[in-house]
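Novice: As a plain string of letters, each chain reads:
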Amino acid sequence: MKQITVPVLVAVAKILSGATVRWVDCEPDSCQRVYFANHTSHLDALVLWSSLPKSIRNLTRPVAASDYWDGGPVRRYMASVFNALLIDRKKVRVHNSPIDIMLAEIGNTHSLIVFPEGGRNPTGELQEFKSGLFYLAKKRPDLELMPVYIDNVNRVMPKGEYLPVPLLSCISIGAPVWLESGEGKTEFLERARQAVLKLRNR
Amino acid sequence: MSLLALFTSDLVDIWTIVLVLVVIATLAIFLGIGRILKRQPESKFDPAIVRNFNKRVTSWMTICIVLLVALLMNKIVTVVLFGLVSFWALREFITMTPTRRGDHRTLFWVFLGFTPLQYVLVAYNQYEYYTIVIPVYASLFIPARIAFTSDHKRFLERTAKIQFGLLICVYALSHAAALLNLDLLTWDSRDKAWEPWTGKPAGLLFFFIVIVQVSDMFHFVWDRLFGRHVIAATVNSTKTWEGLIGAACCTAVFGTLIQLVFYNVTPFTWYGAGLMSLLISAMASSGSMTMSAIKRDRGVTEYGTLVTGHVGVLDRIDSVCFAAPIFFHVTRILMTAH
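Chains as they are written, first to last, in the numbering used here: chain A, 1 to 202; chain B, 203 to 540.
Isolated chain B (complex conformation) (with noise of 0.2 Å):
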C-alpha cells in the first residue's frame, strides 16, 4: 500500500497509472515493429510512411512519458510544461508568419506577457479569468499597440496572424492543463444521482491526449486503407471523408473500451466515453485540416521543416490545440455542480 502511495499524487491514482503503462507498452510494441520495417527492403514498404511512422511513435513515446513524470510530481509542474509547450508551438507559428518591424513590441507582450499570464491563471484556477484573457483583452491590445506603432500597412492581416497564433498555441492549448482544476461528477446508475467521482483529474487529461493521438493513427489508417473522397484536395490531399467518419467511429469505439477496461480513468459512463471520444475525434480532424490549410498558404508542409532541425512541435499537437478547449467545455458543462 505504501510503494502504491509512492506513486500516486492528487492528481493521480492507480487507474491513471495503468492506463500510462499499457500505453507506453503498446508504444514500445509499436517501436519494435518500426523498427523490423525499417530493416525490411524497400519495395515492399515505402521508407517514407515507415519513417513518418517511426517519428510519429517517438514523439508520442516522448509525449506520454514527460506527461507522466509532470503528473506524477504536481499540478503546477504539469502546467508549466503544457505552458512551455505553447510557447515553442507560439515560436514556431510566428517564425512561419510574416510579420512587419512594427509588430515588434506587440509580439513582445505576446510572448512574454500574454502567454506566460494565461498558464499562471490556470494554474490557480482562475476560470473566469483565463477564459476571457485572451479572446478579449489580448484581441483588443493587440490591434491597439500596433496602431500605436504607425505602421498600418496589411492592418487586419497582421492582427489576425497574431490574434490565431496567440489562440490556438496558447489559448486553446492551456484548457488541456485546465482540466486538472475540474471538480467533477459521476452519475452513480444505481443511486440515479449524480455523486463526486472518486478518481484523479490526471485521469481525465491523459483520457483526452490518449483519444486525441489514437484518432489521428485511425484517420491516417483510413486514409491510407479506405480513403475515396478526398475533403480538399488543395488544402490536403490525404484526408479523406472515410478517414474523418472512419475514425471517429473507431475512436468512439477505442474510448468506450477505455472506460470499460480502466474502470475509473474518467467520470464519465461507458457511453458518455463513447461519445466525448466522438467529438474529440471530430474536432481533431477540424484542427490538422485548419493548420494544413494554413501551411499550405504559407507554403510549407511542416512546421518542423521551417528551420531544419526542429521537431515541429506545431505538426504534433494541431488536433490536441483544436479539441482541447471544447472537451473542456463540454465536460464542464456537463460533469460539474456550477
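With the rest of the complex left out, here is chain A (with noise of 0.2 Å):
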C-alpha cells in the first residue's frame, strides 16, 4: 500500500506547493542529519520531506506533534506514510525526555526534520528557538545541523485553513552548522536561528 501512497502524496506535495529545493553551499547526503526549519503551515514537514532525493527521504523522519498527527485517522495514515516521529508536547517530563526518544528512534541510520520554534507562528516572523536542537547537538556532535528556510508554504495553507491554495515555494538547504566547544546554550540557538534567517535573503 504504501509503494503507491508515497509517491502520490510525494507528487501532490510537490504540484500543491511548485516547492523548488536549493542547497547552498551543500549537498544532498545520506549521512545523518537534522534539518531544522522555520515552521508557518502544516504542510512543512510534508513540503521538506518530499522535496528531498528520495534515497535520503527514506531516511528522514520528520518531528510531529502527536496533538494534531494523531488526531483522527486520516492524519494518523499520513503521519505513518512519511515515518513521523510522534511527539506529545504535552507530556515532556525528565524522564521522558523528547530527545531521548528522537536520539532512540534514528539510531545510527536515520535523520531527522525538526522545527525548532515549538509550533507554527501566524505572522512570519522566525521565533526564538526551543532548547530541543542544543541538546541534540550536544548528544550527539556527530550530527550535521542544517538549517532551511521554508518560504511561501505558509500562503500554501496558512495556520486555520484545510484548503490549499497552489502558490510556488521555495525551500533552501543551508551548510551545516555544529555546536562550538564552550559554546552556550542560547548563543548556539541564536545562532542557529540566524543560519535559517540567512537563508531567506539568499
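One thing to keep in mind: the hints can contain errors.
As the list claims (entries may be wrong) - In the DSS-like style, the derived pairs of lysine-lysine whose C-alpha atoms are separated by at most 25 Å in a straight line are:
#, chain 1, residue 1, chain 2, residue 2
1, A, K185, A, K90
2, A, K130, A, K54
3, A, K54, A, K2
4, B, K394, A, K159
5, A, K159, B, K355
6, A, K185, A, K138
Derived by calculation from the structure, the hints in this document are not laboratory data.
Could you fit the two chains together into a complex? Lean on the hints.
Specialist: Right, dumping it as C-alpha cells:
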C-alpha cells in the first residue's frame, strides 16, 4: 500500500507547493542529519520531506506533534506514510525527554526534520528556538545540523485553513551548523536561528 | 493520401503542418547559431545577450512542439494545455503579489473554481458564458468574498490585484484557445462574396502565436539596432518607440508573407493578414510594457527569478495574453456570420 501512497503523496505535495529546492553551500547526502526549519504551515513537514531526494527521504523522519497528527485516522495514516516521529508536546518530562526518544529512534542510520520554534507562527517572523536543538547537538555531536528556510508554504496553507492554494514556494537548505566547544545554549540557538534567517535573503 | 490523413485532424490541415515544420526548422537553425555564438570569445558578443537569445529560442521551440502535438491530438487537449499554462502563470502572478491571510479562500476559488471553469466553457464553445464569467461574476465574487472575511486593510488594492491576475493570466489567454471555436468565413474575391472557410482553425491559432513571437523578436532587434527614444525609462529602459513602430511594420510584412506563402493557413486575404499582424504586434508591445510596469512595481526583473529555478511562464506569455482577446474579437466580428 505504501508503495503507492508515498509517490502519490510526494507528487501532490510537489504540485501543490510548486517547491523549488536549493542546496546553498551544501549537497544532498545520506549521512545522519537534522534538518531544522522555520514552521508556518501544517504542510511544512510534508513539503520539506517530499523535496528531499528519494534515497535520503527514505532515511529521514519528520518530528511532529502528536496532538495534531494523532487526531483522526487520515492524519494518523499520513503520519505513518512519511514515517513521522510523533512527540507529545504536553507530556515533556525529565524522564520522558523527547530528545532521548528522537535519538533512540534514529539510531545510526536515520535523519530528522525538526521545527525548533515549537509551533507554527502565524506572523511569518522567526521566533526564538526551543532548546531541543541544543541538546540534540550536545548528545550527538556527529549529527550535521542543516538550517532550512521554507518560503511561501504559509501562503499555500496558512494556520487555521484546510484548503490549499497552489502558489509557488521555495525550500533553501544551507551549510551545516555545529555546536562549538564551550558554546552556551542561548548563543548556539541564536546562531542556528540566524543561519535559517540568512537563507531567507539568499 | 492515407499518410496525410494520419497527420491531419479536424483541427489541423496540411498548410498548418507545413507552417509549423518551417517554423521548427527555422528555430533549429537559430539554435545552431546560438550554439556557435556561445563558443565565441566574450569580447565579440555580450554573453548576457547570447544567453537571453538561446533561452528564448529554446522556449519558442518547446512552445511550437508542444502546441503541434496538442493540436494533432484534439481540441480538448489543446484547451487543457492552455489551461495549464494559465494556471502556472496565475501562480507566478499571485506568488509575486503580496496577499493577506484574509484572501486565502478567495484565492482558492480563483485557482480551483474560476480558472478550470473558464477553460471548460471554452472547450464546450459556450461563447456567451466564457466572455462574461470572469469580467462579471468573478469580479463581483472576489471583493464580496474578501469582504466576508472581515479584513478590510488595503481592500481595494487586494481585490484589484487578484482580479487583474485572473483577467490577464486566465481570461485573456483563454481567448487564444477559443480561436479554435470560430466558424470562419473567407472573402472570395472572384465571386465577391463570403464563403465558408475551407482551412482548419489550428492554422489561425498557430499563425497568431507565430506572429506574437516574431513581433517580440522584431521589437528586440529594432530596439538594439535603431532604438533612440525610450518610451518610458522608469518602466522598461530597453523598449523604444523605434522598436515599437519598426516591429509593428516588420510584423505586418511578415504576416502578409506567411499568408501568401502558406496559402490557406488563415481565412484572411493577404492585406487582411498584414493588418491583423500589425494589430497583434501593437497589442503584444502593450502587453510587455504593462507587465514590465508590474514587475518594476514589485521590484523584480523577471517572474522566473521570484523563485529560483522556475522558467517564468509569465515572462514568455505576457504579449500573447494582451493580443489574444483583441485578435479573437476582431476576427470574430469580421470573419464569422453572426
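Novice: If a hint holds in the structure, say so; if it does not, say that too.
Specialist: Evaluated hints:
no. : hint              : result
1   : K185/A <-> K90/A  : 23 Å, holds
2   : K130/A <-> K54/A  : 29 Å, violated
3   : K54/A <-> K2/A    : 14 Å, holds
4   : K394/B <-> K159/A : 67 Å, violated
5   : K159/A <-> K355/B : 19 Å, holds
6   : K185/A <-> K138/A : 10 Å, holds
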